[in-house]
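> Residues per chain, in single letters:
2 protein chains.
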Amino acid sequence: MRLRSTIDFLLYDWLQAESLASRPRFADHSRSTFDAVMDTCERIAREKYAPFNRTVDLQEPQFDGEKVILPQCTYEAREAYAESGMLSAAQDYEMGGMQLPYTVEAAANCFFAAASISIGSNMLTSGNANAIMAHGTEMQKQVFAANEFNGRWAGTMALSEPQAGSSLSDIATRAEPDGADFESEALGPRYRLKGNKMWISSGDHELTENIVHLVLAKIPGPDGKPVPGVKGISLFIVPKKLVDTEGRLTGERNDVALAGLNHKLGWRGTTNTLLNFGEGKYPVRGASGAIGYLVGKPGEGLKCMFHMMNEARISIGTAATMLGMAGYLASLEYAQNRPQGRPVQGGPGSGGKDASRPQSRIIEHADVKRMLLAQKAYCEGALALNLFCARLVDEQHTGSAQEAADARLLLEVLTPIAKSWPSEFCLEANSLAIQIHGGYGYTRDFPVEQYWRDNRLNMIHEGTHGIQAMDLLGRKVIMEGGNGLQLLATRINTTIQMALQRQQLACYANQLARALAEVGGATKSAWATGNPQEALANAVPYMQAFGHVVLAWIWLDVGLAVLAKDADLAIAAHRGSMAAQRYFFHYELPRIGAWLQVVKSRDMTCANLEEEAF
Amino acid sequence: MRLRSTIDFLLYDWLQAESLASRPRFADHSRSTFDAVMDTCERIAREKYAPFNRTVDLQEPQFDGEKVILPQCTYEAREAYAESGMLSAAQDYEMGGMQLPYTVEAAANCFFAAASISIGSNMLTSGNANAIMAHGTEMQKQVFAANEFNGRWAGTMALSEPQAGSSLSDIATRAEPDGADFESEALGPRYRLKGNKMWISSGDHELTENIVHLVLAKIPGPDGKPVPGVKGISLFIVPKKLVDTEGRLTGERNDVALAGLNHKLGWRGTTNTLLNFGEGKYPVRGASGAIGYLVGKPGEGLKCMFHMMNEARISIGTAATMLGMAGYLASLEYAQNRPQGRPVQGGPGSGGKDASRPQSRIIEHADVKRMLLAQKAYCEGALALNLFCARLVDEQHTGSAQEAADARLLLEVLTPIAKSWPSEFCLEANSLAIQIHGGYGYTRDFPVEQYWRDNRLNMIHEGTHGIQAMDLLGRKVIMEGGNGLQLLATRINTTIQMALQRQQLACYANQLARALAEVGGATKSAWATGNPQEALANAVPYMQAFGHVVLAWIWLDVGLAVLAKDADLAIAAHRGSMAAQRYFFHYELPRIGAWLQVVKSRDMTCANLEEEAF
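Chains E and D, in that order, are what the protein sequence lines are. Counting from 1, position 176 in the first sequence corresponds to residue 176 in UniProt numbering; the numbering is continuous, with no gaps. Counting from 1, position 277 in the second sequence corresponds to residue 277 in UniProt numbering; the numbering is continuous, with no gaps.
Treat the hints as calculated values from the structure; they're not laboratory data. In this text, all values refer to a predicted model and were calculated from it rather than measured experimentally. Where is the CB? At the ideal position from N, CA and C, for every residue including glycine. Hints are supplied without guarantee of correctness; some may be wrong.
What the hints assert, rightly or not - Below, computed lysine to any residue pairings styled on SDA-like, alpha-carbon distance capped at 25 Å:
1. D/K241 <-> D/V227
2. D/K600 <-> E/N510
3. E/K600 <-> D/N510
Unchecked claim - So, partial list: chain E residues that the calculated Cβ filter (under 7 Å) puts toward chain D:
4. H263
5. N337
6. G341
7. I460
8. H586
9. R591
10. C606
11. A613
Take the sequences, apply the hints, and build the full model.
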């Protein structure tokens, strides 16, 4: 209930989501339809996800040589999710969708992420189908995307390879035309793929009738060699089982073989696989290679895939946020019920504790409150950022031309933050949740240790912290003449100007203005020599500072919405939001000084250290 | 080998451990005997510990209702450790010890901690026996301590209870005199204990013939009720199996019953137990209650136990440090061998990568170097601090009266840092080690995820972060008129004065002087109102800042030792140490500003927040 009310406030009071219903695409919607979707998701998450979160951790996926074995609860969670219509919630009516704003879809999906992050991998299916909708042919949309949206099939993203994790230009999977008639295939130009794909989430299972792999591979150039770099990469649909143009299984197994499962630290409900394409385990139609259908143009695979990756990155940010939030709520409940010790009182050195009094609940200890408020500031702030980004997706799709252009640009700059910031700081929140539990937090009898393990993946998958930081400082803040950064600064300044008029917020507005100027200055200093080796040597500390400034802005803006609704702060939850905002400015924002110092000075202490000296 | 040379440098070049051999107690020793001990420990750790670190994680202790089942490797590791003589290394010759300096003992134990932290729990046995040596009768020393030192029996510390984790004043275990002749028992005044103890490491197993529990319990006062608070607590030896005055088992099982094993996130090689004392599972000698023998005086149990806890806290710091170090070395090796991507080059926005070149090893990426150097700075700095504290233990026991008094005072102030700082920042190092491995780091095919899980316990056991912070700011820096803090400042200033004379270090000396003044000012500001609720509201941020200043001092002092040995930095490892020192001052020390700000302003944002607002 507490999560729901937090989401409701952000959605309706802060982001004015209800106003989206006035746009033609969402004309059938209203707050009551939005609420109905959220009610349904909250219920399914409570009934089909939350009770089984530990089950999927303990009953890791097994591979018996032929099939992947998953616990029954995973099937039931998948079925309930598909039946809810959420796989196609944002799609057009004619695709079977509900034309729900993405903001509401993202908010509704939060309940599943908080209840059990790894029991489902539906985001991959939606994302896969979305990429086909954006770049595929009509036939590909009708055959593949439609059957993903309706729940019959699942989807994957098959990018990484064992020798090429973050470095996609080095993928070695090859795609060659499949016979002379390869271009006349109704499902799209037909190729034969050979190669190995690593870290493929939900790469194999029996949850659905079929699995639609979206695979990056290289088509050899005229010299028979793969084109080096990212320009040689194309995108293919490679179904696990072949289908006809009506979407019926032909009875032929495609040559996609599960080579092994990765055994992970957390996020164990989702299989993570090494897949072999075209190595001959399931020979198909008398030739070698897995059959795949080209999506978009040859050589534009990465561009098509990025369409999927940006939403995936925001989803990862939301996953990290909700794991943090689940830990916050669990540790809050624990702190409210666990008696232990007594708060300090009396004079210095007195020990300050009166053992004759009964024990207090640990929420009465100042340090426990500090750890709770830190979690609240991290997780509710990250949630606000994620929902703000979702709102930008709606602006991009349904706003005016100017709104759409601005939203696109802001999203470019904010995506690395929306992905990296929660994955770092909501992980830290999970560690605080363990700490509040003391020894119990370290046991499997309480949920918080699992949240912490599950969350550790988020700084790695969908682009590591290092990759996000290079993207931010190496590309996003300097692209288009720095327009993205400028636009963000304008938005932040708008909030600052409004906050200056609120007595409770004016000092924070000034603090944010100084922080923003510091980030701007650091950006210039980083690039002052024009040498990317110097500029990017401290890209991660830059991203940490940038993220903290963005979050401070979000909190200041949320603070304005709180005061607009309840100027006297009559409601306890509103006082809590304002305390989290103050926490962020008192405890967190001052951290940017240390991060930016090395950026500004283009500190090469690390980058220049010779290998032998480590 | 790299760990050994790091330890050798700190031990011999920095801490001048060889000079200890000139003291009467260590007169039979020399660098060659120290080296021989270290060679032996390094070998046993390599052969009996390291290969089985994953085994003990996967084959968690099981309880079949009667006995605890552990993998065979645990028995062999225990046997090899006991045979090495390390259990009694620092003891007198007449107790079968080697009269080894504690500094060398602590250094030698590092190899075991790095190889497999949880396969053994020998520190508990040594610590238990040490407490008996300090507070027990001659008979207790000969019967119990001697048989722990010689490896026949193991020891535990049984403090916590389910309802009283960090709050020892609330323990409910009762001890009542066992018959009218209870005081005439040769093994010490005989009591009957009843109660439950939680989180008892190695609380039950079949590794040794017997287990010696040191148990805190309350003797009822004249009114038949336990004395409230810590003053009512006494210490008892409660053997699992009863013994005679010759240390022979009498054949009687004492009423100490394993009620259950805690299933943990990490540190899985060591059983963690809930023990029931005197609940009747093993009735003994016709009365109810487990038989225990009083150690020291009634009501002084906590004082006696603290003797054990301080060394235990330093050991926990070392454990955290070595887990960090193991992760550092694993990620360094990975980074040196894993090809992936290419370092940036070219102009801004160019993407800066030439895909036609072969992939680089990831150690060539600036951000990977940053993550490696951060780990090095955290872990080698923490190791230096831990060894420095061990050296203080030797000063306290064998130095001149003044040296001993100073060492005691410094140890009081530094113990919370030696325990808390590595447990926080070497855990962070483990997270960076995972990050360097990318997706692989998240799998159980590589060791780093286990180090991270194992390390998470260190911020909790032996006194949580919150407890350490209250100890530091609430007691240690103000006790004895602030003499401890003053003495530490004097030592730090000595280092600063020396560093000012070194051109490479002068700017860091000035930076440290400013930081020290800031901590001093924050200490005063925290206590300015004399109200502990205000002073201690931000005790943890205070401890974090204090720890960073201590570590900066340690690094500056290590830097002096490096330059004293190799002024031209001809050796790569010395250049590495200086880079880690620079890293600490450039990237880490500036963080204290944000931590101290809330201390100085006695920020009550968290402490004052009402419960309903969370």
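> Look at each hint and say if it fits the structure.
Structure-based check of all given hints:
no.: 1; hint: D/K241 <-> D/V227; result: violated, 29 Å
no.: 2; hint: D/K600 <-> E/N510; result: holds, 21 Å
no.: 3; hint: E/K600 <-> D/N510; result: holds, 21 Å
no.: 4; hint: H263; result: holds, 5 Å
no.: 5; hint: N337; result: violated, 12 Å
no.: 6; hint: G341; result: holds, 4 Å
no.: 7; hint: I460; result: holds, 6 Å
no.: 8; hint: H586; result: holds, 5 Å
no.: 9; hint: R591; result: holds, 5 Å
no.: 10; hint: C606; result: holds, 4 Å
no.: 11; hint: A613; result: holds, 3 Å
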